[in-house]
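> Take a look at the letters that make up each chain.
There are 2 protein chains.
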Amino acid sequence: MPQRMIQINEDRLLSDLRDLAQIGATAEGGVHRPALTEADLAGREWFRQSIHQAGLALQEDGAGNISAVLPSVEPNAKTLLLGSHLDTVPNGGRFDGALGVLAALEVLRTLADSHRSLPCHLEAISFTDEEGNWIPLLGSSAISGNLNRESFTQPRGSKSELAVALARAGISVASCLTAQRNLDEFLAYLEVHIEQGTRLESSALDIGIVTSIVGIRSHWLEFVGEAAHAGTKAVAERKDAFWGAADFAIRARELVLAHFVPGVVNCGILELRPGAFNIVPARVRMSLEFRHGTKEQLAEMEKELLALAEQCAARFDLTLNRSPVATVAPAPMHSGVQATIAGAAEAMGLSHTRLMSFAGHDPQSFAHDIPTGMFFVPCRDGISHNPAEFTRDEDCIHAANVLLHSALLITEGALA
Amino acid sequence: MPQRMIQINEDRLLSDLRDLAQIGATAEGGVHRPALTEADLAGREWFRQSIHQAGLALQEDGAGNISAVLPSVEPNAKTLLLGSHLDTVPNGGRFDGALGVLAALEVLRTLADSHRSLPCHLEAISFTDEEGNWIPLLGSSAISGNLNRESFTQPRGSKSELAVALARAGISVASCLTAQRNLDEFLAYLEVHIEQGTRLESSALDIGIVTSIVGIRSHWLEFVGEAAHAGTKAVAERKDAFWGAADFAIRARELVLAHFVPGVVNCGILELRPGAFNIVPARVRMSLEFRHGTKEQLAEMEKELLALAEQCAARFDLTLNRSPVATVAPAPMHSGVQATIAGAAEAMGLSHTRLMSFAGHDPQSFAHDIPTGMFFVPCRDGISHNPAEFTRDEDCIHAANVLLHSALLITEGALA
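Going down the list, the protein sequences come from chains R and C. Take the first sequence: its letter number 292 is residue 292 in our numbering, and every next letter is one higher. Take the second sequence: its letter number 14 is residue 14 in our numbering, and every next letter is one higher.
Everything labelled a hint here was simulated from the structure, so no lab data went into it. Hints may contain errors.
You can't tell identical chains apart in this list, so a pair holds if it fits in one copy or across any two.
DSSO-like mimics (lysine-lysine), calculated; alpha carbons at most 30 Å apart, straight line [as the list claims (entries may be wrong)]:
1. 159 / 295
2. 295 / 239
3. 239 / 303
4. 159 / 78
5. 159 / 239
6. 303 / 159
7. 303 / 78
8. 239 / 78
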């Protein structure tokens, strides 16, 4: 990196990462800090204290989101929002989410230390429950207005458990619904995250600029045949529901590899009835999930996969029932923000590429309304949601420095 | 049928079938009379009364087997054993087992009425728990000496429940082990049963002479890959355990259809872990069962199916664990008894064929030690173990008449 360029404080960032990892630390070296658990509340308190120590303003909302704010000299200025989340999946790792929040905090501290006069407010935010311990993207969707009372009707865990957990954090369903902000106040939203994949590592690249957070569609497929005695019913005369499901799984893989890469497909749940060594399966209920970068690609995948399921059912004289489940719309990232991140990486001499994010992230809550961008740094072997999750110190430092310079470019009018 | 030939009493047989079907009758028209339940005990009591009313001798043993005996004039004569079972599967049908017992009883009554002097004793037996509500073929294997204390260590249901159920019938584990008989006392064992398949019906044949009760081998197959995020892990890089299991199910079907018909294969249980829409399956545990008529055919099937499982695992970079489960040896029927049944059918002008039994039956308990034979009559649409199980009156009458004339041919020295 050119010596004259402003840089984050490497030791301070790495020290923060180590300290935060102690909160909810597991014996395997990971972190167990699911949203609204005692460990998560301790993590939030640690973040509040860090904000205080940095001399930044603390801001909290009814959805449990916590922000550090570095105000502009211009009170009516817009806000550039940087952030991620401090919660983890159960028995997760040290970097997923934490890196993005700490990098954002470090950017604000670095700029505060530099005594620059900023043309916009800077806000470093930790969103509540990105991982969906209760409701995925709870905090960011509360701010963007994508959360409503219906969002609370089917939390993971029971509604009463959710109420207790919210109360533990000093919030409630009603208070969450007060967290919506006027999105016009935001100049942009920007987040750095570990890749949770191997594309950067395998190509020895520093920075992955996200072009889109992929959309997800899912269905329940039920293949229905006829139960029969597994001895007396000739194989040629069976209507074995498992054959339909098995044929589909193999051919869906081939279809996606042939026509939809880098789109992905998964059959992750399979329930077979009646379920005995000596009874031909009558019914198979199977989950189907597929992801791709644009609405058009998703629609094409859906058409071809569902047609394939019908073919597989017909091949074995089965009937197919299907019902759509949750849908997540693809969230294309803002082209200007992508270019800005590329410019920041270039300026720092870091290699970069464009890629899609196949996992969900908080930027989805904002991508349709404000200029939103996201970039990845490598993580070892693509392992994430796992105690073995690891990102090298130098990549953590790159993360914060690219976030810093992307933020500076945006404050300087890069998106204007 | 030639007018001069002795025949069973059709009305008496059909009346018995109707009466017995009332015991454990279900709303759907079937019978729920699992072994050692109150309904089964009521069925046994009905059978005892029928034996008394027919003026036949009643004989019971420590395994709960109940027999009618028509003694020979020669006290040291051997016994020709005819029989089947009165127990049903849960929510089963009216003919499976019941037809064989009632046909055997009717044969004894017909011969008693005819006042013939028989060169051997005739015994019509109802075996305990053929269906394996507790232990498959309990009664017949107790007589043949194939039952021992180990047979009682893993009953369906718990050991204490089994003890209670045995006590309800006035028997015990210890008494079951006293039921073994000297197999030299038997001239032969002969059973008629409904086909539980469609081969007779679809060829419009009257009688199916069983050549062998097929052997069964089964294994647990476990395909082991790696759990992964169903978004971030590229399809081409996955080790999806379900792909191995699915590929195997489809190709095992093709293998058996191409090389092992009329052998059969079934994958009836499948458990997939961890089991979520968005997680690539790490482990699939699948049951494999296959059946064929001879030891040699079974061994060849086993070799090829297990090799195929290895290939399917290797194709997707998975490992395969496997463990054998229960084995049932094939039970070839006695060729002389087969010829005798064919002769009886011919004499009565009934069409017949030879076929394998793909379901297990009590003759397995005797086939390796005494001349044993079995034949089938058609059942509608092959439906069995189901309230809709149905065999026409004329086929029930054929069953008893062919049993009668097969028995007569054997008493007259057909096997000598």
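> Does each hint fit the structure? Answer for all of them.
Okay, the hints, checked on the actual structure:
1. Taking the shortest Cα distances, residue 159 and residue 295 never come within 30 Å of each other, neither inside one copy (32 Å) nor across copies (59 Å).
2. In this assembly of identical chains, residue 295 and residue 239 lie within 30 Å of each other by CA distance solely across copies; the values are 28 Å between and 36 Å within a copy.
3. Proximity of residue 239 to residue 303 under the C-alpha cut-off of 30 Å is found in both arrangements, the shortest distances being 25 Å within a copy and 26 Å between copies.
4. For a Cα distance limit of 30 Å, the shortest separation of residue 159 from residue 78 qualifies neither inside one copy, at 37 Å, nor across copies, at 74 Å.
5. In this homomeric assembly, residue 159 and residue 239 never come within 30 Å of each other (Cα to Cα): the closest approach is 41 Å inside a single copy and 36 Å across copies.
6. Within a single copy, residue 303 and residue 159 get their C-alpha atoms no closer than 36 Å, and across copies no closer than 53 Å, so neither meets the 30 Å cut-off.
7. Taking CA atoms no more than 30 Å apart as the test, residue 303 paired with residue 78 passes in neither setting, with 43 Å inside one copy and 72 Å between copies.
8. Taking the shortest Cα distances, residue 239 and residue 78 never come within 30 Å of each other, neither inside one copy (64 Å) nor across copies (47 Å).
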